[in-house]
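Chains B and C, in that order, are what the protein sequence lines are.
Okay, so the first sequence: first residue is 1 according to this note's numbering, each after it adds one.
Okay, so the second sequence: first residue is 128 according to this note's numbering, each after it adds one.
Certain hints may be false.
[Unchecked claim] One-sided excerpt, in silico: chain B residues whose CB lies under 10 Å from chain C:
hint	residue
1	Leu-15
2	Glu-16
3	Ile-21
4	Leu-82
5	Lys-105
6	Ala-108
7	Val-112
[Claimed, not checked] Restricting the straight-line Cα-Cα distance to at most 25 Å, the calculated cross-link-like pairs of lysine to any residue (SDA-like) are:
hint	chain 1	residue 1	chain 2	residue 2
8	C	Lys-527	C	Gly-550
9	B	Lys-66	C	Ser-263
10	B	Lys-58	C	His-267
[Stated by the list, open to error] Only some residues are given here: those of chain B computed to face chain C with a beta carbon under 8 Å:
hint	residue
11	Glu-11
12	Ser-13
13	Ile-14
14	Ser-17
15	Phe-20
16	Arg-24
17	Met-55
18	Ala-84
19	Pro-106
20	Tyr-107
21	Asn-109
Source of the hints: derived by calculation from the structure; they are not laboratory data.
Ideal Cβ placement from N, Cα and C applies to all residues, glycine included.
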Amino acid sequence: MAIDILIAEDEPSILESLDFILRRAGYTIGAVTDGDAVLDAVRRLAPRLVVLDVMLPKRSGFDVLKQIRANVELRGMPVLILTAKGQQQDRRTAEELGADGFVTKPYANADVVGAVRQLLAGHGGAA
Amino acid sequence: MRAPIGFRISNRRKLLGLSQASLARVVGISPSYLNLIENNKRDIGGALLNRVAAQLDIDVDELAGRTEQKLLQDLEEAFADPVVESLPFRPEERRELVAQYPASAAALARLHRAYTDAVSNADAYADRLRSDPLLSQLLHQILSGVTAIRSSAEILEDVADLDDAERQRFLSSIRRETLTLSDVARNLIGQFDTSSEISRNVSPAREIDDLIIERQNYFPLLEDAADTLRQEIARTGPFNVATLSTVLEARFGVAVDFGGPPDEPDFPGQYRFDAASRRMWFQGTATLATRQFQLARLYGELAAADAIAATLHSAVLSTPTARRLASRAVGSYLAGAMVFPYERMLADAEASAYDIDHLRQVYNASFEQVAHRLVTLRRPGQEGVPFGFLRSDPAGRLTKHFPLPGLLLPNSGHACPLWAIYGAFRMPDAPLRQVVRFSDGSRYLFLARTVQRRTAAFREQIVSSSVMLACDVLHADRTIYASGLDLDDLSTDIPVGPSCRLCTRRDCASRQEETLSPDIGASRTRAPLLPAAFALGDAP
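Excised from the complex, chain B in its bound form:
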């Protein structure tokens, strides 16, 4: 059961709106709400892209990103990072760990959809 996008986000309201706007943009969506669940979900759901929040319970978004990049099968997976405004260091860290794109909270919905489209187009195959 392959999906388009896996969202890793722990805030229910944010998850709900992300789920809604990305579905409306035509993607199929899966979601997890803590860092420990991401890797397993990536293997199980085989998404084309991961939207990853930095501040996740149990295991931080950075840790998860590092795991993905260290895994031979998964290292090519496009990852879009959600960072918070003012956290410049977070962005640098994510870049060093190999993130493909960033969206800064609070974002406009169009920013997220635009970033997702761009990453998926860059990795072969439009929605």
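Assemble the complex: chain B is given as a structure, and chain C must be docked to it using the hints.
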């Protein structure tokens, strides 16, 4: 940096119209000796100084210039501040200001103190904002809430074909996040209220310093109280841990426990008194010295609360924290006076040439306890060798200080890296002595040693600090720490300063900051460590 006390005696004598011969006669010395004193060629102190002051009808402190000296040191620090240091001060300006306009000088010193306190407050705030986990958590909550609200609102606004259930879902989402944000805002406001209370506590240590300096670190009321308490305790048995435990139990119902876990699971200290359960707990590894001293303190605080209150009563202590810390400092003083009764301690100190290790074993006390007590041997007419006292943590930060007139001990921050107080960390638990010379020619004997708490587990980090006593070389030969040293040989003196900013030695390899003195030329061989001038306070 010694005060020209002779000039003050001479001026005062002339003002009163007395001849050198007549003053010499009434104080019981020869006119030629008085002449030497007045020309600052002989030191004067103790009983003779008291007699001279009495004959000249002037306060001893004023005559000795201690008040003035302290003010001068405060001004030295103020004028060394980067904000004003590039102003074209004349060399004698500070001295003249103190002599001619003492109130203005005091105003400057106080303003500088208030300014440095304000700066450290601001630093503390910045640190809090950067590192406070609660603040960053609140910030995260705010950003999350705003993100959810913005995203949901956009959906409601932009998506024309939402069904009722979806519309309802995003409206509830907005409502829920708005409530959360209100809570976060309240939390944040509460947080800042608490922070502003905490930040006012930057200066209590200074206020206590002032109290101690003002009383010259000698408190007759506490000495009397300590004598009375010693006599009470002596009726039960010899002064030791067992007797102290017995009297605490009998008189105050306090149970003393050694070893076992503390009442509070994560309590980091070595001892703790729980007033509610009347239990005094000591870590099993606490030394005999710690046990005896802290039991004496507890007994003193419970039995002589009046004397402590009276001592603090007249002090200007502006915050509850300052009052609490001062009351703690006064409690320590009282305990010191109980463990080391004044007259016996003075006699033992003189007899052993101030041998701290010897005094430790006579009184079952720690190095720091003995050193601290030596500083307080200032009873008029029965003075011991005048000592200054400093304590530093391994990061070099000064954590306790009792000043010595004439010697400029920094109020806070770091002293000169060449001082024995820092050298002692290289040889833990061994006394380190050095004869130092300041650029004005004044010389002191420094004695330092590290002290540390015993740990109670392998994982526990060692808490160590370094304690230093300083005494004028003129008095050093009365101490064992000068034995074997040729105090007349200046060639082995260690050239030091008070701290880099207040030091004029250009050729020092240890220099870390530029000096303030404008009249010292720039080095030919060294580039400045800091910009020579700062924007603020520059001459136009």
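Each hint, compared with the structure:
1. At about 9 Å, the closest approach between the beta carbon of Leu-15 (chain B) and any beta carbon in chain C falls short of 10 Å, and the interface hint on this residue holds.
2. For Glu-16 (chain B), the shortest C-beta to C-beta distance to chain C is roughly 6 Å, which falls under 10 Å, so the interface hint holds.
3. The criterion of a C-beta within 10 Å of any C-beta in chain C is met by Ile-21 (chain B), whose closest approach is roughly 7 Å, and the hint holds.
4. Nearest Cβ of chain C to the Cβ of Leu-82 (chain B): about 8 Å, under the 10 Å cut. The hint holds.
5. This hint holds: Lys-105 (chain B) has a C-beta 4 Å from the nearest C-beta of chain C, less than the 10 Å allowed.
6. A cut of 10 Å between beta carbons decides the hint on Ala-108 (chain B): the least distance to chain C is about 7 Å, and the hint holds.
7. Using the Cβ-Cβ criterion of 10 Å, the hint placing Val-112 (chain B) at the interface with chain C is satisfied: the shortest such distance is roughly 8 Å.
8. As the CA atoms of Lys-527 (chain C) and Gly-550 (chain C) are separated by approximately 18 Å, the hinted pair is consistent with the 25 Å bound.
9. Restraint check for Lys-66 (chain B) and Ser-263 (chain C): the C-alpha separation of about 24 Å stays at or below 25 Å, so the hint holds.
10. Note on Lys-58 (chain B) and His-267 (chain C): the hinted pairing holds, with a Cα-Cα distance of about 16 Å set against a maximum of 25 Å.
11. Using the Cβ-Cβ criterion of 8 Å, the hint placing Glu-11 (chain B) at the interface with chain C is satisfied: the shortest such distance is roughly 5 Å.
12. Restraint check, Ser-13 (chain B) versus chain C: the minimum CB separation of about 4 Å is within 8 Å; hint holds.
13. At about 5 Å, the closest approach between the beta carbon of Ile-14 (chain B) and any beta carbon in chain C falls short of 8 Å, and the interface hint on this residue holds.
14. Interface restraint check: Ser-17 (chain B) against chain C, minimum CB-CB distance 4 Å, threshold 8 Å, status holds.
15. Of the supplied interface hints, the one on Phe-20 (chain B) holds, with its beta-carbon coming within about 6 Å of a beta-carbon of chain C, less than 8 Å.
16. For Arg-24 (chain B), the suggested interface contact is upheld, since its CB lies about 7 Å from the closest CB of chain C, less than 8 Å.
17. Residue-level restraint check for Met-55 (chain B) holds (minimum Cβ-Cβ distance to chain C is 6 Å; threshold 8 Å).
18. The closest approach between the C-beta of Ala-84 (chain B) and any C-beta of chain C is roughly 5 Å, which is under the 8 Å cut-off, so the hint is satisfied.
19. For Pro-106 (chain B), the shortest C-beta to C-beta distance to chain C is roughly 4 Å, which falls under 8 Å, so the interface hint holds.
20. A distance limit of 8 Å between C-beta atoms decides the matter here; for Tyr-107 (chain B) the minimum to chain C is near 7 Å, and the interface restraint holds.
21. Hint status for Asn-109 (chain B) relative to chain C: holds, with the closest Cβ pair at about 5 Å, below 8 Å.
Consistency note: the structure conflicts with none of the earlier hints.
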